[in-house]
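With the hints as constraints, model all of the structure from the sequences given.
Chains as they are written, first to last, in my numbering: chain A, 1 to 315; chain B, 1 to 310; chain C, 1 to 275.
Honestly, I wouldn't trust all of these hints.
Listed below are the simulated DMTMM-like cross-link pairs for lysine to aspartate or glutamate, each with C-alpha atoms no more than 25 Å apart in a straight line [stated by the list, open to error]:
#1 K195(B) x D51(C)
#2 K201(B) x D51(C)
#3 K293(B) x E216(A)
Take a look, some chain B residues computed to stay more than 12 Å from chain A by CB distance [stated by the list, open to error]:
#4 N64
#5 L126
#6 H138
#7 N167
#8 A168
Don't read these hints as lab results, they were simulated from the structure.
This one's a predicted model, so the numbers in the text were calculated from it and none came from an experiment.
Quick reminder that beta carbons are idealized off the backbone N, C-alpha and C, glycines included.
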Amino acid sequence: MKSGGSQVLPHLPEAAANAPIVKSAQKRIVGARVRAVKSQVLLLLPAVAVFVLFLGLPMLTVLNESFRTFEPGRIGSVEGAPLTIENYAELFLPVYMRYFSQTYFLAFCASLIAVLIAFPIAYFIARYASSTMRKAAMTLLIGLTFLSALVRVYALQLAFGSVGIFAPIMSALGVNMNGSLYINCVIVVGLLHYSIPMSILILIGAVQQLNPRLTEAAQSLGASALSSHLTVTIPLCIRGLVSAFLVSMTLGISAFIIPWILGRGRVMFISNLIYSRFSEITNYPSGAAISIVMMALSLLLIFIMSRLFTLLDRT
Amino acid sequence: MRRGQADTQINWQLHAGGAVAILPKFKAGWPKPGIDLLTGWDLSWQTIAREGWAEPITREKVPNIADIPQKLLVKDGAGNVINIPRTISALIWWYREDLVPFEITKLEDLLDPRFKGKICWPVPTLSSNLQAVTLALHKGGDERNMEPAWDFLKQLARSGNIGRIANADTDITTSITSGETCITFGGGTGVARLKRDFKIKTKHLSKMPAQSGFKTFVFHEGWCVLKNGRTDAAYKFANFAISPESNEQFNRDISGIPTNVKAKAPEDVNYMAFNNEEMERHVYIPDWEHLSKQVNAWNKRWEQEIQPLL
Amino acid sequence: MRSKRNADVILAVSVTAIIAVTVVFLLFPVIVTAFMAFDAREFIGPFPPTDLSTQWFVKFWNSGYLWSGFKNSVQLAVAVTVVATAMGASAGLAISRMSPRWRDLTTTAFLSPLVLPGVIIGFALLMFLSVFNVLPVFPRLLCGHLIVTIPYTIRMTLVGLTGISATLVEAASSLGANERQAFFTITLPLAKNGIAAGAIFAFAFSMDDVTISLFLSDYDTYTFPVALVGLIRSHFELTIAAAAVALMGLTVVLLLALDRVLGLERVIGQGVYRT
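Spelled out as structure tokens, the structure:
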């Protein structure tokens, strides 16, 4: 979406040549544009200030720490510790790459599944559900986001753990519940429990803004429901879908308690690596280096994705 | 106990689980810790001594320290005693009797296929990796020569017998009580509590024959008085807490062994009480100072070599 | 024509199946939690419980430690919601008027705290703020929570604004409305549902955050989840399940009250095309 001024502008020049009144209108519009930019800056300012002060500067502290030498047995780096890139070099060991790829891969799977499941449900709630049903669904979804993370994870553990409620069914099906494949699946399930409700809530908003007549028109022209949704509804909801996917992805990447409990400590996400460095072995420099790498990677990923979808959006 | 705390108006924080998790906050807040009396154990004393955070403990300030065995006291670089020992405890191997497939007699039993997914193994940051030191001692190494331990651990990790890696004491509790796993290594006072509250049948491998490989590590917990706080109140409280009566009462409540020689030990923890001869045979006292410097390296080794095999 | 109808039937059936499975999946932990909260046993034992009791609710009710955390959390969440929603909505509005390239860049920047584990944000803030050591704990927590909630309020405002085409605003302008009037009569009412959803997320996240608060709390001022973690760490109890059930119950009651007083539909909104 462009600002109002810039969209009106292209139509003006031909008319402006012979109508002085329009010329002054043009001037007014340019003035409005300057004012719009000004108000834009003012609107952004508070949020930017908070981010610079309480995220940007603290992250610089972390960046500084990440280049320090750690002396085992101390808490963090000693003041004036010599500079080093050792903390970063170490992360290029294949085994640390493995931790990174595992985290991103599992988060990606969970986000994809979450969006695939959430979309039809959101569409149904937004379009076909009765008012009472809608209210019930919203209450449930919002209520779910308030279910304490800790409790939720223990409840899932009780259900899917190796001595959980589903254990007899799983072993009857011949599933090896001690295998790493199963544990990874349980982690994805845990992530889904967060990302599905979030995605539904986000997508309801997106579907509501969509003109149903467009889909109806496609169907009256002979398209099946499936193909009309695939060709009309989904492309029009792409921004909502991206939002849902990105929010799920970010939740997944930074998950901490889910791998800790549901992964039985046998699967470690990057947060878990960082936590033990900050909190248990007090090797701040190494923890800081992982944090910086992770931030750079994630930002890159998200930027690429939103860029990709903006391109899709335009075509 | 709580009344004693109210009387003296001090803040003391109990930090269970990861031993040094609280320390980063002090580092950040130093020189204003906001806490006057800090709980710690053999390992964290080393860090506190190195950072120079604790006030000296003297007989003038804490008269009851005279009743605490000398060998429990830890000194900082300046030669001052910094800790006020409160409880003697032990890190032991133990299992749930109702869930083990057969009676465990030696460390190698952990590799038995019948233990598939049944071991709860604490991360190196828990219990300061003494679980791995046990393996090293059995295979001819010690805390300075850990290679044999890593080899054994690799075997164990590959066997698929490790069902859960405990990141905190809570994980051990939930894993063992839920029946997910049945054998583990951890603090003896916690085991007594589990037995009492959860009514599970446990067996302790704290007094096993030498060739079994199971070792026990005795340690103590207590307080230190942090600098820049209300130190007088902290001294007063600590002195009160280690007097024979309150020390005995407190340790009965938490199933620990009192440090005050005039206090009596509760009976339900006899598996952690050792006479001199037993001490010689079953107990290994590691070099805590060395351990406190190894956590970082051991943790990395774990991440790089053991974790991927799980 | 027939294959088209078949395809439609298959679609309808599979959507119904997805909905059913998802509802069961989402509700299952809630049910398990409810059982845990009423479990008479002292620990997380095999499901289902052998005996029921209300002991955990009594314990929760009588725990000064938990209540103090609860009070702090509610105050904090309210403050966070107000500030984050105001800042997020205005920033979202500004972003929606940018060119696509700038929009992507700014959105990425504002989304960045979400990809950072709370561990990093909490630790970084702890280190940074300790340099000055002037801020009390409550504003520290507020700062930490703002960093993770503003991304949601911005995102949701943007989603809410998506359907509002610039033409509507232009139409209003051409009818003589100035920018401010156009904003209050056209943009804001339409973006309202997005903003409201963002506010709800902000509140929920602030109430639920563990990792950031763990680093920024101290022994005196701590949030509800931090109190729960403390409880789990010192001696694991099912009081935590009772607390969770109570919190969820409270949420549902609040939502129902909101519905009675304002109408949930009006707060969340129905969208432009709802018939």
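Discussion item. Next pair to validate is K201(B) with D51(C); report whether the Cα-Cα distance is within 25 Å.
Written reply: Measuring from Cα to Cα gives roughly 21 Å; hence the hint holds.
Discussion item. Does H138(B) clear chain A by more than 12 Å, comparing its Cβ with all Cβ atoms of that chain?
Written reply: holds, 24 Å
Worksheet item: Would you say N167(B) is clear of chain A, with no C-beta pair closer than or equal to 12 Å?
Response: violated, 5 Å
Item to complete: Quick one: work out the minimum CB distance from L126(B) to chain A and report holds if it exceeds 12 Å, violated otherwise.
Response: About 8 Å separates L126(B) from the closest Cβ of chain A, which leaves it inside 12 Å; violated.
Practice prompt. Quick one: work out the minimum CB distance from A168(B) to chain A and report holds if it exceeds 12 Å, violated otherwise.
Written response: For A168(B), whose nearest Cβ neighbour in chain A is about 9 Å away, the distance does not exceed 12 Å, so it is violated.
Fill in: Verdict on N64(B) as a residue remote from chain A, using beta-carbon distances over 12 Å
holds, 30 Å
Discussion item. Given the hinted pair K293(B) and E216(A), is their Cα-Cα distance within 25 Å?
Written reply: Not OK: K293(B) and E216(A) at ~70 Å, beyond 25 Å, violated.
Worksheet item: Taken at face value, is the distance from the CA of D51(C) to the CA of K195(B) at most 25 Å?
Response: holds, 20 Å
Comparing the model with each earlier hint shows violations of hints 3, 5, 7 and 8; every other hint is respected.
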